[in-house]
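Colleague: The chain contents come next:
Number of protein chains: 2
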Amino acid sequence: MQPHVSRVWNFSAGPAALPQAVLERAQRDMLDWNGSGASVMEQSHRGKRFIAMAAQAEADLRELMQVPADYAVLFLQGGATQHFAQIPMNLAGEGDSADYIVSGHWSAKAASEAKPYVRVNVAASGEADDYLKLPPRDSWQLDPNAAYVHYTPNETIHGVEFHGVPEVGAAPLVADMSSNILSEPLDVGRFGLIYAGAQKNIGPSGLVLMIIRRDLLQRAGRPMARIFRYAEHAAADSMLNTPNTWGWYVAGLTFEWLKAQGGLGAMAERNRAKAELLYRAIDGSGGYYRNPIELSARSRMNVRFTLHDAALDAAFLQESEAAGLLALKGHKALGGMRASLYNAVPPEAVEALVAFMRDFAQRHG
Amino acid sequence: MQPHVSRVWNFSAGPAALPQAVLERAQRDMLDWNGSGASVMEQSHRGKRFIAMAAQAEADLRELMQVPADYAVLFLQGGATQHFAQIPMNLAGEGDSADYIVSGHWSAKAASEAKPYVRVNVAASGEADDYLKLPPRDSWQLDPNAAYVHYTPNETIHGVEFHGVPEVGAAPLVADMSSNILSEPLDVGRFGLIYAGAQKNIGPSGLVLMIIRRDLLQRAGRPMARIFRYAEHAAADSMLNTPNTWGWYVAGLTFEWLKAQGGLGAMAERNRAKAELLYRAIDGSGGYYRNPIELSARSRMNVRFTLHDAALDAAFLQESEAAGLLALKGHKALGGMRASLYNAVPPEAVEALVAFMRDFAQRHG
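Chains A and B, in that order, are what the protein sequence lines are.
Using full-length UniProt numbering, you'd call the opening residue of the first sequence number 1 and step up by one each time.
Using full-length UniProt numbering, you'd call the opening residue of the second sequence number 1 and step up by one each time.
Errors might be hidden in some of the hints.
No copy is singled out in the list; a pair is fine if it fits within one copy or between any two copies.
[What the hints assert, rightly or not] Within a straight-line C-alpha distance of at most 27 Å, the following computed DSS-like cross-link-like pairs (lysine-lysine) qualify:
1. K48 <-> K115
2. K259 <-> K109
3. K115 <-> K259
4. K48 <-> K133
5. K48 <-> K109
6. K133 <-> K259
7. K109 <-> K133
It should be emphasised that the hints constitute simulated quantities derived from the structure, not laboratory data.
Let the sequences and hints guide you as you build the complete structure.
Modeller: Structure below.
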């Protein structure tokens, strides 16, 4: 342990903050994990110790999210972006079409990357509204024959979030939950497939968590190498080839930590309070700060805001970093600021941010 | 730092031993990396600090392997197995064929996983010899029109290794170096593409290192999502999407460590001495231990051996583990024992193993 570790409040959109307790545990066990005399990174994924840890991580995740038994849980690689392609490869046959709800940068990208593998029907889009609001459910042009319906419950860059799961009929609902998974309780049974890059609410990058209804594993998809087939990964307990063992381990530590925090109900309460605190500070700043998103679509995870004068942006970023508030710069496509408030960002971080914002506004009038 | 860390000698085939100095550095910096006040896992891959680290890792690798300027270095995901498929997707057009040299489990798998994407010509195979020797170069039936020639310089499971790079004419030579990369100096210019899963000689699993001649990036391949195209990854400096940031970081620490050890020339000498010590102990055991591989094909990295009586295997494994010698069990397909002697396994580990083997033979007569 370092004698003088000085930690900052980290608002990074991803790779993002991890719980300090998780980092301390990983640090402590780095050279000698689980009595093995070696790091967890140095263990065979086929060894007893690693398999027991991996199974415990899956069991904890199933308990946290109350995953029904007819769903497989997979620990994969490639980032959500690879699965933008792999999902249609697995779920759609030749000539099939799929519905995509486009509500921001990431769902637009999911639709675009799917095109080599499925006829993409953009059933609804918020583009004409600059993604400042969500396309209302009654405007969606769903195809009753779609192989699946894909949407992105929370848009990391645009800062919009669906509150509640949309009803889409018989087609399996596929959700990229990279930036809001584990942030609140969820009725997994409403979904056909949930997937998430780990680097926001789960663990380090390079790991993708997938929850897939087992009947979907029977879909033939198209001719492809085994390594791309979800059914093969499920049959091999995600050890079809060597998985990202470190990522799986840190994810497991995070699941353990979430359970100790009181589970997803407690996290939902904490996350709602954090977001409310920040939005109130923005809305109550008399126009000094501004969030452009329609109230009902505001994200609890990624809070965009602009300063009343963009000429102050550089000073805001410099002074906030000096005050120990990391990574507040907005995505380059949109400018302004963004504070990401994932599970591992404690309420104290948001309090510090809000205090800084008030102070900054006073000093820079 | 833990007060009572007890480390074992780790002969795991992969994920495998890492240099202790690398683990200690990762441990020290876990909560506060590079003065950032956050873990390296909590940094945006687009941030200045991470980009500088990533570039330094690439520069160190280029220096260690003397990678010519007309080669791109990529940090990818998916394991070597995914690239068994992705290589033909990128390098072969519709109707193309490729030559595969099959010298053991992994090259056979590479050939098999390529089949959905290219006509596979098995130009040579050691299968009839149970992979105990390598198919001699003058027996290879190479196709002058092959899109590329694929081989596996070292077979992790079968314990055979090509010593020297084969001449294959004009077709680009593609090599899966997962288990021998960085173990000795290499003339990269002889290859079209080199790839390696990181979990043996580089770092943690979930990272793939690729070195690809830039002209090969121009090959059209076939219609596919951008995420599968090596050219897109190269154009984005391996940040087309979020890379495995922890893996990249640990790989960088390993490259730094290799430079401090004196580079690949020094590692080659050390690796040769380690392998010789173990093979001498096996060959000099009067048949108590036995390695079945043809002398000229013996691997420096993965040393297979059997006991003269398989009924002693269980005792050997139990007593060796009690003596702090980890993961000596051979692959389940072959039985017996296997000691993997990658860069991070120090000479002292092999000395301890050899001493144990002598002692075991005396005690169990």
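Colleague: A separate judgement is required for each hint: does it hold in the structure or not?
Modeller: These are the hints, each one checked on the structure:
no. : hint          : in the structure
1   : K48 <-> K115  : neither (42 Å within a copy, 33 Å between copies)
2   : K259 <-> K109 : neither (33 Å within a copy, 41 Å between copies)
3   : K115 <-> K259 : neither (39 Å within a copy, 45 Å between copies)
4   : K48 <-> K133  : neither (50 Å within a copy, 32 Å between copies)
5   : K48 <-> K109  : between (40 Å within a copy, 25 Å between copies)
6   : K133 <-> K259 : neither (34 Å within a copy, 53 Å between copies)
7   : K109 <-> K133 : within (18 Å within a copy, 49 Å between copies)
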